[in-house]
Amino acid sequence: MKILLHKIIHLIVLLISHIGLVLFPYSVAERIKLFKRQIYTYWLAPNFRKFGKLSMIHYPVCLLGCKYISIGEKVGIGTRSVITAWDNYEGDTFSPEITIGNNVWIGDESHITVINSVKIGNNVLMGKKITITDNSHGNNTLEEVNTAPNKRQLYSKGPVIIEDNVWIGDKATILPGVHIGYGAVIAANTVVTKDVPTMAIVGGNPARLIKIIE
Amino acid sequence: MKILLHKIIHLIVLLISHIGLVLFPYSVAERIKLFKRQIYTYWLAPNFRKFGKLSMIHYPVCLLGCKYISIGEKVGIGTRSVITAWDNYEGDTFSPEITIGNNVWIGDESHITVINSVKIGNNVLMGKKITITDNSHGNNTLEEVNTAPNKRQLYSKGPVIIEDNVWIGDKATILPGVHIGYGAVIAANTVVTKDVPTMAIVGGNPARLIKIIE
Amino acid sequence: MKILLHKIIHLIVLLISHIGLVLFPYSVAERIKLFKRQIYTYWLAPNFRKFGKLSMIHYPVCLLGCKYISIGEKVGIGTRSVITAWDNYEGDTFSPEITIGNNVWIGDESHITVINSVKIGNNVLMGKKITITDNSHGNNTLEEVNTAPNKRQLYSKGPVIIEDNVWIGDKATILPGVHIGYGAVIAANTVVTKDVPTMAIVGGNPARLIKIIE
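Protein chains in written order, with our numbering: chain A, 1 to 214; chain B, 1001 to 1214; chain C, 2001 to 2214.
Bear in mind the hints are in silico, worked out from the structure with no lab data behind them.
Hints should not be assumed to be uniformly reliable.
Here are the computed lysine-lysine pairs in the DSSO-like style, where the Cα-Cα straight-line distance is at most 27 Å [to be verified]: (1) B:K1067 <-> A:K36; (2) B:K1033 <-> C:K2050; (3) A:K33 <-> B:K1194; (4) B:K1033 <-> C:K2067; (5) C:K2151 <-> B:K1074; (6) C:K2050 <-> C:K2067; (7) B:K1194 <-> C:K2050; (8) B:K1036 <-> C:K2033; (9) B:K1033 <-> C:K2036; (10) C:K2033 <-> A:K50; (11) B:K1157 <-> A:K33; (12) C:K2151 <-> B:K1050; (13) A:K151 <-> C:K2119; (14) B:K1151 <-> A:K74; (15) A:K151 <-> C:K2074; (16) A:K211 <-> B:K1194; (17) C:K2119 <-> B:K1036; (18) C:K2151 <-> B:K1053; (19) B:K1157 <-> B:K1119; (20) A:K33 <-> A:K53.
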């Protein structure tokens, strides 16, 4: 009896693991994936400073410094995203802070790296493969050039602030010190090097103003 | 005897699952991956409107609305790609259509999202991390700016058409309403916002004409 | 006794496989991931021409032609990267060579494709989703336009050389024939089409000189 139970549990675990999905029709497999996602989220949630209701983390993500990350309600973090809050790097210590509001979606394979502060407001929608960083490896000085880039001191030009209702397209990059205003739209593949005004649409590399929504 | 058979099947499933690959030399593992890919493709194929001979889907992909997607022969869809045909979103209904010709390769981690129509011709070669979209979250009007971007109505400026023999580099983005002419080349990281003439080479963000092949 | 041993080994394999990770606290799971990475690296290492001490490959990567790839010491190759050295393609044969120095980090989901030569020096730090290629599908001539891009002869304009202490941001692309000088910085999303001088900072698509570090 005990052996049978063990077998059944064993089989369920195996079936839920990805290769097992092909034993089910596609629609059932989707539900199993959802179930797996819930278990994964439930498992990760206690590690965060705050983790709001109905938020969901899509398996698998790569996280560092969860205790510096606050996540609001109804947030989704896409699969294969990497969110890192560094409290030390090459002997320096930092006080990183990542704050994510309510109803935020961070697309798959996005990358957020923080030593200072990244604040994302409510209702921010991000596409896939977004990069957000508040820091760089060194400050581009002559003294550092003979140091390996991964051994240079991390330097933050300033915090990144993304206001409410911003929409960011696939593969955009938000650089240190940037403030993106309320309701702005950042086109796909845009590199945002400077502040973006409220309700502005920007695109290009580096970002240029396309128009203001009026 | 039955127990032994059960054990053997069990072991095979386990070995095929990724951790098990290290039990084999690399060359054998590659064949097992191919076998896994075939099982995966065989499992997904019946969900599509049409699925041509010798086409292959590389495990894992994320699909929505397979019944609106027609795939020709000898098509390859790269691993971790996301292809979504939305027939409803936030209360609106759509009639999406994705048509992919013969001998098309969609690179790994690409993203195709459709509410209207995306037509990809024959012999189209796409790099990795391509984005193709025929829609946007809202139409950038003042009325929408106070609505969360993920709650805005999806809007399609027009279908995307990619003619035969087009080659698209890694991380390029094709925006709504764009028609890419026969034999065109889209450089890596290009953002295509306007139509591309036949046999044109374009690059940049936004795309600029580099030359016409003559 | 034998059965028990078999069970225990079986269970360990299962637990190490990703679904099993949720049976442990997050911190323990991280160590298991590290262990898995070491096994994976140990398994792949003999396939390379050279594989230096303390180098690490993050599970899973996609490799082709390992015997043409030399990897120095303390190199890290990020998860889901694709590194391909083609010694034949569509009937043509090539002598590809990929040389990676010491203390190099290749970010997750990067893509390096070679038929000729890619040399990466020491202390090169690359972000995620980098593309480096020394070849293209055809040479953009009128004769080739009626050939499917994936059937065109691969053509290399020249080798790619990346000198020591270069730092490359997320999603940058390095095109064939490019030489990047010592200590240069390539901003995120940059497309490098021409040589980059020593200690230059470049950005944009195509890359433009931002400044020389002095």
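Here's how the hints hold up against the structure:
1. B:K1067 <-> A:K36: Judged against 27 Å, a Cα distance of about 25 Å means the pair holds.
2. B:K1033 <-> C:K2050: OK: B:K1033 and C:K2050 at ~25 Å, within 27 Å.
3. A:K33 <-> B:K1194: Status violated; Cα separation ~38 Å.
4. B:K1033 <-> C:K2067: It holds: about 20 Å lies between the C-alpha atoms, which stays within 27 Å.
5. C:K2151 <-> B:K1074: holds, 13 Å
6. C:K2050 <-> C:K2067: The hint holds at about 8 Å.
7. B:K1194 <-> C:K2050: With Cα atoms ~47 Å apart, B:K1194 and C:K2050 exceed 27 Å; violated.
8. B:K1036 <-> C:K2033: holds, 23 Å
9. B:K1033 <-> C:K2036: Holds, at about 18 Å.
10. C:K2033 <-> A:K50: Answer holds: C:K2033 to A:K50 is near 25 Å, not above 27 Å.
11. B:K1157 <-> A:K33: violated, 33 Å
12. C:K2151 <-> B:K1050: Holds. C:K2151 to B:K1050 sits at ~25 Å (cutoff 27 Å).
13. A:K151 <-> C:K2119: Cα-Cα ~21 Å, so holds.
14. B:K1151 <-> A:K74: Holds, at roughly 13 Å.
15. A:K151 <-> C:K2074: Holds, at roughly 13 Å.
16. A:K211 <-> B:K1194: Since the Cα atoms of A:K211 and B:K1194 sit roughly 17 Å apart, the hinted pair holds (cutoff 27 Å).
17. C:K2119 <-> B:K1036: violated, 34 Å
18. C:K2151 <-> B:K1053: Holds - the C-alpha atoms of B:K1053 and C:K2151 are around 19 Å apart, at most 27 Å.
19. B:K1157 <-> B:K1119: holds, 15 Å
20. A:K33 <-> A:K53: holds, 20 Å
The structure shown violates the earlier hints numbered 3, 7, 11 and 17.
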